[in-house]
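Here the protein sequences come in this chain order: B and G. For the first sequence, the numbering used here gives the first residue as 42, with consecutive numbering after it. For the second sequence, the numbering used here gives the first residue as 5, with consecutive numbering after it.
It is worth saying that the hints were derived from the structure and are not from the lab. Nothing here was measured: the structure is a model prediction, and the numbers come from that model. The beta carbon of each residue, even a glycine, is placed where N, CA and C say it ideally should be. Hints should not be assumed to be uniformly reliable.
What the hints assert, rightly or not - Computed from the model, here is a short list of chain G residues facing chain B with C-beta under 8 angstroms:
1. 93
2. 96
3. 105
4. 110
5. 120
6. 125
7. 151
8. 153
Said to hold, decoys possible - Subject to a maximum C-alpha distance of 35 angstroms in a straight line, what follows is the list of computed DSBU-like cross-link-like pairs (lysine-lysine):
9. 131(G) x 271(B)
10. 176(G) x 145(G)
11. 85(G) x 131(G)
12. 271(B) x 127(G)
Stated by the list, open to error - To list a few chain B residues with every Cβ distance to chain G over 12 angstroms, as calculated:
13. 54
14. 64
15. 74
16. 96
17. 130
18. 136
19. 159
20. 170
21. 181
22. 188
23. 212
24. 239
25. 254
These are the residues of each chain, in order.
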Amino acid sequence: MSEALKQSLDISMFWEYRAVFLEGLTFNCLVFLCSAVVALSVGLGAALLRINRLWPMRWIGTLHVEVFRNAPDYIMLVWVHFVLPLLIGILIRRRVEFHPFLSAVLALGLVYSGYFAETFRAGIQAIPQGNLDAGRAFGMSERLILWRIALPQVVRRMLPEALNLFVSMFKATTIVSLIAVPDLMYNVSMVIQQEMRPLPLYSGAALTYFLIILLLSSGVRLFSERWRRKILA
Amino acid sequence: MGEIPRIRIADVHKSFGPLEVLRGVSFDVHRGSVVSVIGASGSGKSTLLRCVNYLEPPSSGEVYIEGEPLGSRIDGRGQRKPRSLAEINAMRRELGVVFQQFNLWPHMTVLGNVIEAPIRVRKLPRKEAIAYGEECLRRVKLIDKLSEYPARLSGGQQQRAAIARALAMRPKAMLFDEATSSLDPELTDEVLGVMRELAADGTTMIVVTHEMNFAHEISDRVIFLHQGVIEEEGSPAEIFGAPKSERLRQFLSKYRK
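So here's chain B without its partners, still in its complex pose (with noise of 0.2 angstroms):
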């Protein structure tokens, strides 16, 4: 093995560094959640308005998919953090600035909430009819269909989809190292300009999400199979 590729595999860097990565990667973690309950809320929302009777709440629901499905994650965020807070400032007529933390939040949740929209809403209409239809003879409201009957439904249909959406949304959140959030990557560049051996702290950067990823992700497919599996005819 030439000298060069032994040194790039050789993670010990990256573990005297373990208490700033960990720090970092708690950001990651702060920012895939929060990032996370702003995705579903309004992906949910905008699912709704999708299936609704009325086209204009439709045409609102299919706006809101295309743009935050069609926009890359990164332009997202560097638009909120850079673009939307001077808009409301020419709105409002103040400065405004928004903490990068927020920017992350929003930019992320906003993109995955378009395709957790397009996942809910698959979701919702493979419910068979009938099932809304009993809910209804029996003098539920809409709203207690919708918590009680449907969702439960969609939520154990949609979990492998969403499995999948939340892996790709947690390797995301590295980005927001790009606006100074101070997440792992970013406090992986923060140490290579100081010890500038970039490769092997790469490596463990790297490393490290794969085995988050992989854990969490096995884990919780592992979990929810049976759970899933016990209303599947």
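Guided by the hints, dock chain G onto chain B, whose structure is given.
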């Protein structure tokens, strides 16, 4: 007239676009009686049942539950006003529906299905709902399956669970929409058996069915629907023993072969 009928269906019309599926259907169902609705596919039987509890609001006409109009109410000035969805919900919970496709909620256990509406709609305390739900499951002989999920039950068991679910709401009447049509022949008997017992217990029922022998046996009154109107109605003996119209004779002959 005397007694107010449990359900009165008054001149119900239903159109889907240019297609007129029901063209003025009227009949009464009295307390404790069983009315069967028979007729060929496309005669409007199922649509009629869906109109009775407003899953399909009638295009015109009205349905009365113990004299109370389901889709409208008389306001203070004596004017007829359409009811809001919430009010219709409050009215339709008085009718227990059993669907052809069972329509159990797959993410809930059998007991979960049975107690859901009593708890959420009738606001019954959980304990009470469970106690009565178990009683209903005993009536349909499914008490040993109460913690199973619907996917693990046979069609006949699912349909009996669906009957228990409807009974648990203590409805004023039960509506059966071809309750055995999607079952294998060897499974229909267990469901018909439960329905037979309900009828014997004095449950008010409207039964849409293709099972002529069954209709003959349990009905107090039989209605033959043809192209959206009542072609003939009468006691089971009259309908099956001495059909008057040519259409009913033709229809019945298909089942006698």
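Checked hints:
Interface restraint check: residue 93(G) against chain B, minimum CB-CB distance 4 angstroms, threshold 8 angstroms, status holds. Restraint check, residue 96(G) versus chain B: the minimum CB separation of about 5 angstroms is within 8 angstroms; hint holds. Nearest Cβ of chain B to the Cβ of residue 105(G): about 5 angstroms, under the 8 angstroms cut. The hint holds. Evaluation of the residue 110(G) hint against chain B yields a held restraint, the C-beta minimum of about 4 angstroms falling below 8 angstroms.
Given hint, residue 120(G) at the interface with chain B, holds; its Cβ is 7 angstroms from that chain's nearest Cβ, closer than 8 angstroms. Interface restraint check for residue 125(G): the shortest CB-CB distance to chain B comes to about 5 angstroms, inside 8 angstroms, so the restraint holds. Using the Cβ-Cβ criterion of 8 angstroms, the hint placing residue 151(G) at the interface with chain B is not satisfied: the shortest such distance is roughly 11 angstroms. A least Cβ separation of about 5 angstroms between residue 153(G) and chain B falls short of the 8 angstroms threshold, and the interface hint therefore holds.
A C-alpha spacing of about 25 angstroms is found between residue 131(G) and residue 271(B), which places the hinted pair at or below 35 angstroms, so the restraint holds. For the suggested pair residue 176(G) and residue 145(G), the alpha carbons sit about 22 angstroms apart, so the restraint of at most 35 angstroms is met. Distance restraint check for residue 85(G) and residue 131(G): the Cα-Cα separation of roughly 38 angstroms exceeds the 35 angstroms cut-off, and the hinted pair is therefore not satisfied. Between residue 271(B) and residue 127(G), the direct Cα distance comes to roughly 28 angstroms. Compliance with the 35 angstroms bound is thereby established for this hinted pair.
The beta carbon of residue 54(B) is kept farther than 12 angstroms from every beta carbon of chain G, the shortest such distance being approximately 50 angstroms. Listed as a non-interface residue, residue 64(B) keeps its Cβ farther than 12 angstroms from every Cβ of chain G; the least gap is roughly 41 angstroms. Against chain G, the non-interface label of residue 74(B) holds: every CB pair exceeds 12 angstroms, the least being about 26 angstroms. With a least CB separation of 19 angstroms from chain G, residue 96(B) remains clear of the 12 angstroms interface cut-off, as annotated.
Distance to chain G confirms residue 130(B) as a non-interface residue, since its nearest Cβ pair spans about 44 angstroms, more than 12 angstroms. Against chain G, the non-interface label of residue 136(B) holds: every CB pair exceeds 12 angstroms, the least being about 48 angstroms. The claim that residue 159(B) lies off the interface holds: its Cβ sits roughly 22 angstroms from the closest Cβ of chain G, which is beyond the 12 angstroms cut-off. Annotated as non-interface, residue 170(B) brings its C-beta within 12 angstroms of a C-beta of chain G; the closest such distance is 9 angstroms.
A beta-carbon of chain G is positioned within 12 angstroms of the beta-carbon of residue 181(B); the least distance is around 6 angstroms. The non-interface label for residue 188(B) is inconsistent with chain G: the shortest C-beta to C-beta separation is roughly 10 angstroms, within 12 angstroms. Look at residue 212(B): its CB is around 31 angstroms from the nearest CB on chain G, clear of 12 angstroms, so calling it non-interface holds up. Every CB of chain G is more than 12 angstroms from the CB of residue 239(B) (nearest about 50 angstroms), matching its label as outside the interface.
Every CB of chain G lies more than 12 angstroms from the CB of residue 254(B), the least distance being 28 angstroms, so the non-interface label holds.
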